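Chains as they are written, first to last, in our numbering: chain Y, 1 to 81; chain U, 82 to 369; chain P, 370 to 1117; chain W, 1118 to 1276.
Incorrect hints may have been included.
Claimed, not checked - Okay, derived cross-link-like pairs now, BS3-like style, lysine-lysine, Cα gap no bigger than 27 Å in a straight line:
| hint | chain 1 | residue 1 | chain 2 | residue 2 |
| --- | --- | --- | --- | --- |
| 1 | U | Lys338 | P | Lys562 |
| 2 | U | Lys131 | U | Lys231 |
| 3 | P | Lys771 | P | Lys672 |
| 4 | U | Lys231 | U | Lys338 |
| 5 | U | Lys137 | U | Lys235 |
| 6 | U | Lys131 | W | Lys1189 |
| 7 | P | Lys775 | Y | Lys3 |
| 8 | P | Lys1108 | U | Lys338 |
| 9 | P | Lys767 | P | Lys677 |
| 10 | P | Lys427 | P | Lys642 |
| 11 | U | Lys235 | U | Lys131 |
| 12 | P | Lys1114 | U | Lys338 |
| 13 | Y | Lys79 | P | Lys771 |
| 14 | Y | Lys46 | Y | Lys67 |
| 15 | P | Lys775 | P | Lys677 |
| 16 | P | Lys676 | P | Lys767 |
| 17 | P | Lys905 | P | Lys950 |
| 18 | W | Lys1189 | U | Lys137 |
| 19 | P | Lys950 | P | Lys938 |
| 20 | Y | Lys79 | P | Lys775 |
| 21 | P | Lys771 | Y | Lys67 |
| 22 | Y | Lys79 | P | Lys562 |
| 23 | Y | Lys3 | P | Lys771 |
| 24 | P | Lys775 | P | Lys676 |
| 25 | Y | Lys67 | P | Lys775 |
Said to hold, decoys possible - Computed far set for chain U versus chain W, every beta-carbon distance over 12 Å:
| hint | residue |
| --- | --- |
| 26 | Lys239 |
| 27 | Gly253 |
| 28 | Ser336 |
Said to hold, decoys possible - Computed footprint of chain P on chain Y, listed as stretches where at least three residues anywhere in the stretch have a Cβ under 8 Å from a Cβ of chain P:
| hint | region |
| --- | --- |
| 29 | 1-15 |
| 30 | 43-56 |
| 31 | 68-75 |
Since the hints were derived computationally from the structure, they do not count as laboratory data. Values in this document were obtained by computation on a predicted structure and should not be read as measured data. Don't be surprised by glycine CBs; every beta carbon is placed ideally from N, CA and C.
In case you want the letters, here they are:
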Amino acid sequence: MIKVHLWSGLRRLAGGAEAVTVQAATVGQMFDAMIAAHPGLEPVIKAGVSVVIDGEVTAGGRNLAVKPENEIYLIQRVKGG
Amino acid sequence: MRYHAVGSFDEAVRISASATGVTRFLAGGTDVLVQLRAGIVQPDDIIDIKHVPGVKDITRRADGGWDIGAAVSGVELGAHAALCRDWPGVVEGMRLVGSTQVQGRATLTGNLCNGSPAADSVPGLMAAGATVSVTGPEGARVMAVADIPKSPGKTNLKPGEVITRVHLPPRGANGGDSYLRFIPRTEMDIAVVGCAVNLRIDGDTITEATVALGAVAPTVMLVPAAGAALVGSTLDDAALDALVIAARAACRPISDKRGTAEFRIEVAGVLARRAASIAYARAKGETA
Amino acid sequence: MPKDELKAGFRLVGTRPNRPDGLDKVTGRARYGADIVAANMLHAAVVRSPYAHARIKKIDASRALALEGVKAVVTRADFPTGLTGEDWNLQENTIAGDTALYDGHAVAAVAATSALVAQDAARLIEVEYEVLPHVTDVDAAMAPDAPVIRAGNADHSVPEGMHPNVVRYIDFGHGDIEAGFAAADLVREGTYKTEATHQGYIEPHACLGQLGADGRGEMWVCTQGHWYIRRMCAAVLGIEAANLRVTPSEIGGGFGGKTTIFMEPLALALSRKAGGRPVKLVMSRAEVLRATGPTASASMDVKIGMKKDGTITAGQVNFRMQGGAFFGMSPIAEALPCAFACYDIPNLMHEGYEVLANRPKAAAYRAPGSPMAAFAVESLLDEMCRELSLDPLQVRLKNAAKEGTKSSYGPTYNRIGLVETLEATMAHPNLSAPLGPNQGRGVAAGFWFNHGGETSVSLQIGEDGTVGVSVGTPDIGGSRASIALMVAETLGIEYEAVRVNVVETGSLGVNEPTHGSRATFASGKAAVEAAESAIKQMCARAAAEWGIDPEAVEWVDGAARPAGENAGKFPPLTIGEIGAKMGGTGGPISGHHESVPGGVGASFGVHVVDVEVDPETGKSTVLRYLVVQDAGRAIHPAYVEGQYQGGAAQGIGWALNEEYIYGADGRLQNPMFLDYRIPVASDLPMIDTVIVEVPNPGHPYGVRGVGETGIAPPLAAVANAVAAASGARLRTLPLSPPKVLAAIKAGQ
Amino acid sequence: MSRIHITTTVNGEAAEFLTDPRETLLDVLRNQLGLTGSKEGCGTGDCGACSVLLDGVLVSSCLVLGVEVQGKTVETIEGMATDGALHPLQRHFIEHAALQCGFCTPGILVAAKALLAQNDNPTETEIRYWLAGNLCRCTGYDKIVRAVQDAAAEMRGAA
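Can you make the complete structure from the sequences, with help from the hints?
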């Protein structure tokens, strides 16, 4: 199981918890499992979020591996100049 | 648009008088081309006066005054050592117009005819008591620089009239002038406030003083009360305070993207005091 | 950390060779957007709305079309319908539909045989408008009585009952905010405002587009990212991406503003309508300022709790940002996490709103959102340090985030270099320079994430052993040089033997633009991977030549060599020798790499500025400026310094004089460099730099990316210095002389 | 609109062109003579990217009409290197990394050359004020000023 930390706005769509725990080996599976558990998350995830794995802002790779020992945060999608 | 490179002012006036559309005279072009580019003006005839004999000349008259041709650029004005010695305030006003590149082209005449209340060279000319020779369909006349501006972007020149020469009076003994402007950056801005002071002294006492302000009213203007505040004084604090009050009292500015009315009034006083001090030091021969 | 120590072992990385494109750029040969020409080319001009908000009732182009030389006019009717989301945003911004949404919004475009004829024709296109109420200020746009710009744009996040112009709401935080404030000795709050500013690149947008009736086309364009141009143009025009080949010109500055489209589809649409003739479209400066993407304007509340010893116990922000009349364009999502990113604070609360206003569609601008956030937070911190008589740098050091700190936006930081950056700042001589009357010193810190992004690079070994590298990230500030340095270092060859080319969309896989400070990080990392792949192939060729196992070959100093005694005794085969024979040993050798590179490392900067304020006019003069920033590693230190200095200069402009000024009529009042006042040479002192190097473990040479962080601290640093010099604490930018003078007088 | 025939000298070579009187010298250089080294950043004399020498005087070519250069001499960035040898300013700009995007560079080089022609040892302040009409958005001007100083020193024989 992996633990995904949510920002406050997402918590309201996922039952109020600070984090959700899902079974997943990749970012894509993680998203799918989160949406299955909390359908309200779908539009937000589909619109694009940034996944921070062990402190690093990754750029939307669904195939990126996630492991139980990773620290995983979702943050609003970040753009650069 | 038709382009005319004329060989004389008579020819310029002839073309202008017979033109049916919009006409512009072209000297340095640093305002006209910007207006052209922005679509503000679309002339049918543009009359280039730079080929008229004498328009690039700077000559000292027999009375000690100066005649400056209509197409003399800022660079050429600044390179004339004797003129700079006589009228440093007039020259420094012109030299503040635009960039080094603009200085290669821009002229006193153009700055005056553009009619901007913020024109940097105009307060200095007014304070110096400069006049201009004008020629037009109804003949030639001489006008005071102070009588040229009418309202923002407009002058009292009649249709078809063109300025052919700027005249500065003889500097005379113990005189000094200066020009200061306020801009938010160090260069490349239009004056938010401009102030020129021209004065003469006898010993330590000011005997004549003329103050002109820019960008604080619909036109550049002389402020007789500000000059009067200095006359008879030794530029002591009381005189400077009176100058500041008189300068500020004369201001009728607007608030716009370049500064608020309150700011302009306040800074007009500050610049008047600073410019008077420089002019006074120059009159005493203390600074260049 | 001494720099030489870090450099140990590198032959080229960290040196300052001449950039490969330098000769072209000092001789005028380099070709920028407007320099591209094609045979049989037409010129275009755009008709733009003079109103901030107006219904377009009728467009009559008959007089324009009757003009000799006019070949085509396009309006929205020439574009496909049914687009959604960001594609619709892009199309709507390219050319207005029913409604012009801001002053300068494109309404029609015309192509003609010369630029002058096109401009004449544009003036002949008659547009009938019905003027609508407008709003340009962010707070006014949220007010109950504000005109609705476009209903139904808000997403799920916006709380019930808010004005329809509020389209996004973000909130996050951790700890117990009230307990945090309760634990503080001093709690202060303030409201801060920044006006919109423009990237101000000196090169106006320019493109040359050609599109045939068969849907195939080409485009030459100045852009930070030509795959973005391809995707966006294809979407707006309803054509297939692969059928549009996009070649980037040299680019005259971007700073984020050239990561998207503004007028490029117009050139293609005109070309299609004019029988496929190429169409050149070049913006004027006024068009750039009115109708391309400045950054957002912001209104920000900040509240901070601090103990007497400087420990920050709690921080709270509420930001409102408008990014024009389009959803998703403000950098609210970036500003919020940047607000307290520099600090280790146990109790934090962030809230932010995105608001629509009748302004142009904002684009990215160098560390989007971070400068505004830093202005608000670093200004208030400075006030509190003064109130508690604490040294502002010591307070920042005391609270500095480090490896293992839970960041303000949630995740735990990896190895970061803020502490080293603060220590280097404190050691700098500028901190002890004496200050005279009316002079003051200000400091501020700043943060940026940096970015990896989609990247594709290919590398070719030449027949003479020289190496070509094809990258998809346009070179704005010397990235060809830095990439060549890393490739040459990796291959063990001379810098001059590597030529880095920025290639068109047909030559590589998809690349994101040069944005997010990523060119040296991402294209550099991919180029190193591509070089490693080529090395493997060259080792295999050598192994085959020698008849030994490829594993027994190693690559040292630009040549394949047997790895150790057991591998056999063979003279080294240089890259030149392998290249010369490759046609007969298996064919061309090239390496390539495609990925979304991980390992991005955040970077922090600290700025120190000394300012003198004229107490009679409110004018500020920058006397001294210091930038200290963690680069990870500086591949080409001269261009790293250049990024630091350039970021500082833009930030100084933002702080002192730059702003979008709208009239009561909603029209932009200063669409010229005359009144959009970017710093000129005489406005600035020399800008001192210190490159801190805390290598990023996620990059083969330790790069973090240096382009963006440098614009985050200056706004607050300058405001803090002005406060120190004059006693005037301004919470609204810019610190223009009228405002400063009024504040000085109010304080007297 | 009738076009006017103009003969002039550009970078030491005779040149002629037909121009609409509304076209600027910058338009003519770029579009008719193929000299695209001079850039348009503003079209209003505020950025200096179009700087050229007209009869030896530094001007913004966007503020000169093409018809005005009849019989005059024009020097552009393309004429700055002579016989294949870079001008010391050009060399020092490359060596100092005094350009990033490079778009303002031609105008700055032409302007700096005009400065050094009349002042072989300018102070930092003189350089900054001379170049105030040449906007650069990338560099913060630091390396540009240093490159001009070093080129001046080399040209004086001091370096």
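Hints and how they fare:
Among the hinted pairs, U:Lys338 with P:Lys562 is consistent with the structure: their alpha-carbon atoms are about 18 Å apart, no more than 27 Å. As the CA atoms of U:Lys131 and U:Lys231 are separated by approximately 26 Å, the hinted pair is consistent with the 27 Å bound. Under the criterion of a C-alpha separation no larger than 27 Å, the hint pairing P:Lys771 with P:Lys672 is consistent with the structure, at around 23 Å. For the hint pairing U:Lys231 with U:Lys338, the CA-to-CA distance comes to about 22 Å; that is within 27 Å, so the pair holds.
Only pairs whose Cα atoms come within 27 Å are accepted, and U:Lys137 paired with U:Lys235 is accepted, the gap being roughly 25 Å. The straight-line distance between the Cα atoms of U:Lys131 and W:Lys1189 is roughly 13 Å, inside the 27 Å bound, and the hint therefore holds. Among the hinted pairs, P:Lys775 with Y:Lys3 is consistent with the structure: their alpha-carbon atoms are about 16 Å apart, no more than 27 Å. For the suggested pair P:Lys1108 and U:Lys338, the alpha carbons sit about 12 Å apart, so the restraint of at most 27 Å is met.
Distance check on the hinted pair: P:Lys767 and P:Lys677 sit about 12 Å apart at the alpha-carbon level, within 27 Å; holds. For the hint pairing P:Lys427 with P:Lys642, the CA-to-CA distance comes to about 20 Å; that is within 27 Å, so the pair holds. Between U:Lys235 and U:Lys131, the direct Cα distance comes to roughly 23 Å. Compliance with the 27 Å bound is thereby established for this hinted pair. For the given pair, P:Lys1114 sits about 21 Å from U:Lys338 by alpha-carbon distance, which is consistent with the 27 Å threshold.
Between the alpha carbons of Y:Lys79 and P:Lys771 the distance comes to roughly 23 Å, so the proposed pair stays at or under 27 Å and holds. In summary, the hint linking Y:Lys46 to Y:Lys67 is supported, as the alpha carbons are separated by about 22 Å, within the 27 Å threshold. Taken as a hint, the P:Lys775 and P:Lys677 pair is honoured in the structure, with Cα atoms around 23 Å apart against an allowance of 27 Å. Distance hint between P:Lys676 and P:Lys767 is fulfilled; the C-alpha atoms sit about 12 Å from each other, no more than 27 Å.
The suggested pairing of P:Lys905 with P:Lys950 holds, with an alpha-carbon distance near 16 Å, which does not exceed 27 Å. A hinted pair counts as satisfied when its Cα atoms are at most 27 Å apart, and W:Lys1189 with U:Lys137 qualifies at roughly 16 Å. A threshold of 27 Å between alpha carbons decides the hint, and for P:Lys950 with P:Lys938 the separation of about 21 Å falls inside it, so the pair holds. Taking the CA atoms of Y:Lys79 and P:Lys775, the gap is near 22 Å; set against the 27 Å cutoff, the hint holds.
With a CA separation close to 24 Å, the supplied pair P:Lys771 and Y:Lys67 stays within the 27 Å bound. This hinted pair checks out: Y:Lys79 and P:Lys562 have alpha carbons roughly 22 Å apart, not beyond 27 Å. A distance of roughly 23 Å separates the Cα atoms of Y:Lys3 and P:Lys771; the hinted pair therefore holds under the 27 Å criterion. Proposed proximity of P:Lys775 and P:Lys676 is supported: the alpha carbons are some 20 Å apart, at most 27 Å.
Pair hint Y:Lys67 plus P:Lys775 holds up; C-alpha atoms about 20 Å apart against a cutoff of 27 Å. The Cβ of U:Lys239 sits about 26 Å from the closest Cβ of chain W, beyond the 12 Å cut-off, so the non-interface label holds. For U:Gly253, the shortest C-beta to C-beta distance to chain W comes to about 32 Å, beyond the 12 Å cut-off, and the non-interface label holds. A cut-off of 12 Å between C-beta atoms confirms that U:Ser336 is not in contact with chain W; the least separation is 23 Å.
With 5 residues having a beta carbon nearer than 8 Å to a beta carbon of chain P, the region 1-15 of chain Y meets the requirement of three or more and the stated coverage holds. A stretch counts as covered by a chain when three or more of its residues have a beta carbon under 8 Å from one of that chain; for the region 43-56 of chain Y and chain P the count is 7, and the coverage holds. Counting residues of the region 68-75 of chain Y whose CB lies closer than 8 Å to any CB of chain P gives 3, so the stated coverage by that chain holds, three being the minimum.
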